[in-house]
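*Asks:* Each chain, letter by letter, is given below.
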Amino acid sequence: MTDHHHPGLNLGHTDRSTHAAAEEMIFGFWIFLMSDMVLFALLFATYAAMSVHGVAGGPAPADLFELKSALYQTLLLLTSSFTFGMASLALKYRKDTGRLLFWMGVTFLLGAGFLVLEARDWVKMVTEHNAPPQRSGFLSIYYLLTGTHFAHVSAGMIWMAVMAVQLAVFGNDGPVKLRLMRLALFWHMLDVVWIGIFTFVILLGVAP
Amino acid sequence: MNWLGILEWHDIVFLRAWQHPSSSELVAAGAGGIVVLGALAALLLITAKHWWRPLWRDWLTSLDHKKIGIMYIVLATVMLARGIIEANVMRLQQLLAVDAPGYLSHEHFAQLFSTHGTIMIFFVAMPLLTGIINFVMPLQIGARDVSFPLLNAVSLALTAAGAALLMVSLVIGKFSTGGWSGYPSFTEKPFSPGAGVDYWIWALTPASIGSTLTGLNFAVTIYKQRAPGMDLFRMPLFCWVSLCTSILMIFAMAPLTLATLMLALDRYAGFHFFTNAAGGDVMNYANLFWLFGHPEVYILILPAFGIWSEVFSTFSGKTLYGYTSLVYATMAIAVLSFTVWLHHFFTMGQSADVNAAFGMATMLIGVPTGVKVYDWLLTMVFGRIRFRVPMLYANYFLLTFVLGGVTGVLLANPGVDFSVHNSLFLVAHFHNMLIPGTLFAMFAGFHFWFPKAMGFRLHEGLGQLAFWLLAPGFLLAFFPLYALGLMGGMRRMAVWSDPSFTPWLAAAMLGAMLILAGLCVLALQLVVSIRQREALAVPVGDPWDGRSLEWAGPAPPFEWNFPVPPEVRSRDAFNDMKRDGRAHSAPERYHDIVMPKNSAVAPLLGLGAAICGFAVTWHIWWLTIASLLGLMAVTVARSFVTNVEKTIPADEVERMHRAWLDRASATPAIPRRLEATTDNRGKAEVPGT
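Protein chains in written order, with this note's numbering: chain A, 9 to 216; chain B, 7 to 695.
If you're looking for bench data, these hints aren't it; they were derived computationally from the structure.
Beta carbons are placed, not taken as given, at the ideal position from N, Cα and C, and that holds for glycine.
It cannot be assumed that every hint is accurate.
[To be verified] On the chain B side, residues computed to face chain A include the following (Cβ under 7 angstroms): (1) Y274; (2) N282; (3) G286; (4) N290; (5) F351.
[Stated by the list, open to error] Far from chain B by the CB rule (all over 12 angstroms, computed), these chain A residues: (6) E31; (7) A53; (8) A70; (9) L97; (10) R102; (11) T105; (12) L117; (13) D129; (14) K132; (15) T156; (16) F158; (17) F206.
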């Protein structure tokens with residue numbers, strides 16, 4: 009058996025049996041992420057078209073986006089990826105669940121902070137700029153793109169809460185480890201998507 | 007608050023017919039009555055025969071890929087019956103409606119072509135091919151099951167949920183009139199205000215998610231579950247097409263999911279993705295839908311190519327000619343399928359240069375497909391050809407599919423397309439590809455693998471009779487449409503004004519009736535075969551002198567497929583085993599086998615998805631939220647179930663395997679000329695051994 013079976017965190021050094029079971033499971037999850045990425049790619053493509061052609065006399069990207077709020081959101085989400093990385097290390101190297109739960113808790117809070125800031129942006133857009141999704145094609149796709157990402161982050165946090173319960177019930181056993189490894193991949197993917205949103209939606213939107 | 011959303015009493019088809027007893031409403035009520043009576047009859051039969059427990063325990067909760075495959079095919083068969091009956095109802099309307107109103111209202115006719123297309127693509131062709139891949143592919147690669155058995159069951163349940171919604175739409179409310187492709191702006195709220203388009207959206211959504219998950223499952227299975235020695239280039243060609251189809255599903259279903267979701271947001275929440283106002287753009291829909299729709303065409307046809315490859319090779323008694331070229335041709339088609347979506351809307355405003363580029367890409371697909379046709383022809387050259395039912399379909403396919411392909415190359419020319427687009431010429435073309443190509447391949451695969459799945463052959467004579475009804479039936483039903491298209495007949499017309507259409511429409515009607523008759527004979531064949539199952543039994547499991555591993559075990563196969571993973575040394579693995587005398591040998595040691603336990607999760611999720619789809623169609627918000635919460639609760643609860651596997655002891659495996667080996671050695675091997683007789687007990691004589 010090779011020590012490196014799949015991209016991402018491998019358990020070969022610390023848990024041989026789970027490592028063997030991981031290969032197929034994690035590979036399958038990578039493929040799932042790929043199909044999820046197709047969904048986001050299509051959302052980005054539609055955004056590229058509609059943010060130019062679908063403004064319909066309403067507010068344009070430059071009128072709406074706030075760099076400062078987006079920066080805070082980015083920092084929160086990127087940091088949460090780092091803290092999930094710490095949780096993954098605890099998952100791999102420690103039998104007890106204390107440190108793992110701690111880092112997952114921090115990740116959860118950072119994710120919650122991200123959701124709050126993003127929701128606040130939306131409320132502001134609707135109340136201060138009169139820019140709800142029904143206003144124009146551009147706003148429709150803007151809300152759908154960021155909303156799909158928002159829904160993914162929310163799903164990741166529900167998943168995280170379920171995993172905290174599982175850690176309490178089952179401890180750090182094989183199936184739980186495999187689920188956490190998949191959750192980690194999912195969480196990092198959302199980071200990658202957010203970097204896309206930050207770059208192509210926010211930065212390009214406010215660029216002169 | 008209204009507990010039933012926007013649902014009202016007069017949405018029920020029988021009350022509508024009572025209030026407005028026109029011929030159109032009476033036909034609708036008749037269809038609704040068939041659904042209700044059919045469901046009641048099924049429930050009564052199951053209750054009377056005490057089948058509830060075995061149905062639940064052995065089928066609905068089963069995670070066995072073979073049973074899931076069979077359930078997909080049963081689902082598709084029910085939907086196929088509806089689709090073909092609808093086709094006949096439409097044919098009759100078109101025949102009667104030359105300078106006359108006919109017997110259907112225009113709206114009813116529009117519902118019929120919408121459900122017919124939606125059903126045939128998503129709930130006949132897709133479940134048929136998914137079912138056959140499910141049954142065959144894991145056996146062919148020497149695997150015990152797919153990689154994710156529970157996910158497999160969930161995919162089936164989601165597909166069934168979509169199909170259930172389509173059946174409900176016959177009784178409650180009306181279906182979309184927007185065609186199978188559901189183009190906005192017509193399907194937007196201002197132009198299609200009722201619940202019909204919502205039925206269409208929420209029937210498609212679970213089915214397309216199910217297909218995405220199926221693709222994922224099959225691809226991982228082929229990459230990770232192959233038996234020792236089963237290199238990629240030793241796989242039967244059917245496994246290659248399964249892999250390419252799976253990859254297409256992973257990439258191509260997402261655009262459909264997204265397009266229907268956006269349409270739903272437009273309709274329910276006033277968004278502007280595809281509207282005519284406020285920056286919405288129908289071209290977004292056209293691009294997204296056909297980014298799915300064109301690869302979908304190859305999702306439908308590639309598995310058929312795999313079945314034809316197995317059939318030509320087996321019934322010519324030869325290894326497949328040009329195996330490597332077939333693999334590369336399949337791959338080339340899969341890649342090219344993503345580069346041609348724009349040919350579905352040549353007429354929607356692109357520049358001539360863009361159209362030319364996509365036209366050339368489209369014509370290019372003819373090249374690898376042509377390679378395949380020559381490979382199949384050359385497989386038969388110098389072969390000892392046996393015209394069993396699958397081989398009849400296969401040869402018919404070669405003739406008619408090439409004609410359909412030629413009309414496809416014609417349509418790929420934007421100049422030609424401008425004059426025949428949306429005409430019956432197009433309708434003739436894609437039926438020409440999908441009936442002899444996909445549907446007849448599924449029939450051929452059905453006859454080919456049925457003995458493996460059920461343990462007995464299908465009645466040969468009735469199978470041939472069905473073929474001889476279906477073969478001219480297709481030609482009569484669709485070749486007149488080429489002529490009508492060139493004469494100016496457009497698709498989706500409820501009435502005509504040109505009397506010169508009548509003879510062509512009459513021929514098409516006759517063809518549709520022959521196809522319906524063929525379907526009835528297939529049903530009769532199934533009944534007769536079940537009654538004669540003792541005489542037709544092939545328990546040793548190799549009725550056709552098969553070449554790949556699915557024929558290596560008994561029929562029906564063991565639940566665990568293979569007592570020990572088979573050792574593969576070459577292509578045509580089982581054929582070589584027979585020739586080396588390894589086909590019926592016991593392994594040195596048997597081991598315990600771990601299999602997944604049954605699970606109620608999939609049927610529960612399917613039920614939840616169907617209820618959710620119905621609730622959201624009719625704006626019953628409390629039920630929508632309740633069913634979504636239910637879906638989540640089932641999913642989370644499942645993750646707390648720890649006891650999900652069962653162990654089959656080595657003794658049990660050995661006992662059953664040895665019983666089969668004893669039976670195999672006691673059974674006489676028969677030569678191929680006795681293949682279609684009752685002497686065929688599933689053991690093939692191997693010349694030269």
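*Asks:* All hints, please: hold or fail.
*Replies:* Going down the list of hints, with the structure as the test:
1. Y274: With a closest approach of 11 angstroms, the Y274 of chain B hint is violated.
2. N282: Violated, about 11 angstroms.
3. G286: OK, holds: G286 of chain B within 7 angstroms of chain A, min 5 angstroms.
4. N290: holds, 6 angstroms
5. F351: Where the cut-off is 7 angstroms and the nearest Cβ of chain A is about 15 angstroms from F351 of chain B, the hint is violated.
6. E31: violated, 7 angstroms
7. A53: For A53 of chain A, whose nearest Cβ neighbour in chain B is about 8 angstroms away, the distance does not exceed 12 angstroms, so it is violated.
8. A70: Given a closest Cβ separation of 16 angstroms, the condition holds.
9. L97: holds, 23 angstroms
10. R102: holds, 22 angstroms
11. T105: holds, 17 angstroms
12. L117: Given that every Cβ of chain B is farther than 12 angstroms from that of L117 of chain A, nearest at about 21 angstroms, it holds.
13. D129: holds, 18 angstroms
14. K132: holds, 20 angstroms
15. T156: violated, 9 angstroms
16. F158: Non-interface label stands for F158 of chain A: nearest chain B Cβ at 15 angstroms, farther than 12 angstroms.
17. F206: holds, 21 angstroms
When the structure is compared with the earlier hints, violations turn up for hints 1, 2, 5, 6, 7 and 15 and for no others.
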